[in-house]
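Colleague: Could you slot chain H with the ligands onto chain A? The hints should help.
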Amino acid sequence: MLLVKDVCKSFFPGTINEKIALKDVTVEMQEGEFVTLIGGNGAGKSTLLNCVAGVYGVNRGSVYVDDIDVTRLPEHKRAAVLGRVFQDPMMGTAANMGIEENLALAYRRGEKRGLRWGITRKERELYRRHLERLELGLEDRMDIKVGLLSGGQRQALTLLMATLKKPKVLLLDEHTAALDPKTAQRVLEITQQLVEENNLTTMMVTHNMRDAIKYGNRLIMMHEGQIVLDINGEEKKKLTVEDLLRRFGQVSGEEFANDRALLS
Amino acid sequence: MLDIITGAISLGLLWAVMTIGVFITYRILNIADLTVEGSIAMGAAIAAQGITMGLNPFLATALALAGGMAAGLITGLLHTQLKIPALLSGILTMIALWSVNLRIMGKANISLLRMNTVYTFLESFGMDKTYAIIVLGLLLVLALVSLLYWFFGTEIGSAIRVTGNNPHMARALGINTNTTLILGLIISNGLVAFSGALIAQSQSYADVQMGTGSIVIGLASVIIGEVLFGRQHFFGRLTALVLGAVTYRIIIALVLKLGMPANDLKLFTAITVAIALSLPVIKQYLNPHRFREVE
Ligand SMILES: Nc1ncnc2c1ncn2[C@@H]1O[C@H](COP(=O)(O)OP(=O)(O)O)[C@@H](O)[C@H]1O
Ligand SMILES: [Mg+2]
Chain A
1 MLLVKDVCKS
11 FFPGTINEKI
21 ALKDVTVEMQ
31 EGEFVTLIGG
41 NGAGKSTLLN
51 CVAGVYGVNR
61 GSVYVDDIDV
71 TRLPEHKRAA
81 VLGRVFQDPM
91 MGTAANMGIE
101 ENLALAYRRG
111 EKRGLRWGIT
121 RKERELYRRH
131 LERLELGLED
141 RMDIKVGLLS
151 GGQRQALTLL
161 MATLKKPKVL
171 LLDEHTAALD
181 PKTAQRVLEI
191 TQQLVEENNL
201 TTMMVTHNMR
211 DAIKYGNRLI
221 MMHEGQIVLD
231 INGEEKKKLT
241 VEDLLRRFGQ
251 VSGEEFANDR
261 ALLS
Chain H
1 MLDIITGAIS
11 LGLLWAVMTI
21 GVFITYRILN
31 IADLTVEGSI
41 AMGAAIAAQG
51 ITMGLNPFLA
61 TALALAGGMA
71 AGLITGLLHT
81 QLKIPALLSG
91 ILTMIALWSV
101 NLRIMGKANI
111 SLLRMNTVYT
121 FLESFGMDKT
131 YAIIVLGLLL
141 VLALVSLLYW
151 FFGTEIGSAI
161 RVTGNNPHMA
171 RALGINTNTT
181 LILGLIISNG
191 LVAFSGALIA
201 QSQSYADVQM
211 GTGSIVIGLA
221 SVIIGEVLFG
231 RQHFFGRLTA
241 LVLGAVTYRI
251 IIALVLKLGM
261 PANDLKLFTA
271 ITVAIALSLP
281 VIKQYLNPHR
291 FREVE
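Chains A and H, in that order, are what the protein sequence lines are.
Every letter in the first sequence is one number past the one before it in my numbering, and letter 108, counting from 1, is 108.
Every letter in the second sequence is one number past the one before it in my numbering, and letter 227, counting from 1, is 227.
Extracted from the complex, chain A is given alone in its bound form:
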């Protein structure tokens, strides 16, 4: 469903500030696969997702979604097949617009936008049903501005927006990192629910090893722009945090455990 082939990405190439973020990265994801992606700060996780989404062009290599080469497509064209949720809850929703307006914009992802009214009565019913299932009480205040919602509510709404029109690939970049632990767990449950119901091909970046092990059916670890670990199936199910720490220590020569955030 997603194929990233020999992708290289550096920032400021050809200058003394050159920063190589991805070195010949190749990943192939089958339909319905749920990958959790971990790695230290600056490993290149966000860059990988941004190269898939078209936020950045790549220096070398190709990106295919469902066998279609999207390497040269601009971000807004690729959006037709991608659902995205970002780390910053402010990024995924429009604060000055209502909940239903945000959903209506998301419902038209990849569609041609014309002079029809931006939201129809029939859609409102659909949105209400979806919001009810989030159990956040948002279904009764669909016209309030998103800016009035909490970070967790906004992330849950962004998740719903990203999946309202089924994407071929769902990209989640540390989408619970800015939330308190309890809210983060709730948003992860919602993520799991939406991914399962829609059988979504998903790549989820997380800095939390437990979550990386608990969720998904494949785990990828990155380090300095490369994939250093790729585990799936039974092996992934048996994985423990200690295993991961040891593997990380081997590839990096650093103590991953010192990074408290990773274990929180």
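Treat the hints loosely; a few may be bogus.
If the Cβ cut is set under 7 Å, some of the chain A residues that face chain H in the computed set are [stated by the list, open to error]:
hint, residue
1, Gly42
2, Val81
3, Gly92
4, Gly98
5, Leu105
6, Gly114
If you're looking for bench data, these hints aren't it; they were derived computationally from the structure.
Glycine is no exception: its CB is placed at the ideal position from the N, C-alpha and C atoms.
Modeller: Positioned in the frame of chain A, the structure of chain H with the ligands alone reads:
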């Protein structure tokens, strides 16, 4: 006194069209677009030259609208295709328009005295010119507010609104933010030039200097409208702009009446806008809990 008020109302209604244009870039697209200083004079120039050449005043006014749209398109292309910052793109177009406007007019100003204008047909019913302007201005502003309320509720209109609010999200939802920015700039500058054409015909002359400082007048009207008549609902926000533009003109007429020299007008307006824009900071400064407030 009544004359002063009706005069202010008539002028305010024409400037309301310009104010709505400024609102579209400043509030909806979230950019300060200085093109307007050139496009308002361009609207006046095209209408005045057209009328002098014998064109129907309504046609001349429509051409002015089209000219403004072209100016907006240029700024939009400079910004989105050549990646020049929005503020600078607007300044470049504004400067270029100065020369363009002089070429259109062939001289620095054109008088429209005793010529047909869009107001003439109302005057022919025996209406005084000021009242003719108020009647036509009201009709136009009403039509415009309704049209824009509809447009910004459509799919394309919503896409323009979300572009100003959150461009990252807009792109992630498949919106070409370059296109929506350009569209917004075209609509905004079209309206500003349209307003320029109406103003020139109301005062019976067009002047190449006319745009100088107009952005500040537009902003002042937007802010006065929001502070005094602000509403949540989009229709309410649009009508507040009209009321803001009219209120601004009334305030100006009154301070002039009270004896302020006309040359100080721009200083007065600039200070008013500076104060209005800094209200949030002033409020926070006056707040005794300001040290606990982190924003
Ligand atoms: N926009 C950018 N400009 C310059 N350097 C960047 C940019 N984005 C990321 N980088 C660099 O690329 C490397 C990978 O960053 P990133 O993909 O954000 O890491 P991660 O998400 O794994 O923490 C880092 O060294 C970072 O400094
Ligand atoms: Mg990151």
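Colleague: Taking the least C-beta to C-beta distance, is valine 81 (chain A) closer than 7 Å to chain H?
Modeller: 10 Å, violated
Colleague: Would the hint on glycine 114 (chain A) be counted as holding, given a Cβ-Cβ threshold of 7 Å to chain H?
Modeller: 6 Å, holds
Colleague: Does the nearest C-beta of chain H fall within a distance shorter than 7 Å of the C-beta of glycine 92 (chain A)?
Modeller: 6 Å, holds
Colleague: Answer holds if the nearest beta-carbon of chain H is closer than 7 Å to that of leucine 105 (chain A); otherwise answer violated.
Modeller: 5 Å, holds
Colleague: Mind checking the CB of glycine 42 (chain A) against every CB in chain H and telling me if the closest is under 7 Å?
Modeller: Given a least distance of 21 Å, the restraint on glycine 42 (chain A) is violated.
Colleague: Holds or violated: the hint that glycine 98 (chain A) contacts chain H, with Cβ atoms closer than 7 Å.
Modeller: Check failed: Cβ of glycine 98 (chain A) comes no nearer than 10 Å to chain H, outside 7 Å.
Hint compliance for this structure: hints 1, 2, 4 are not met, and every other hint is.
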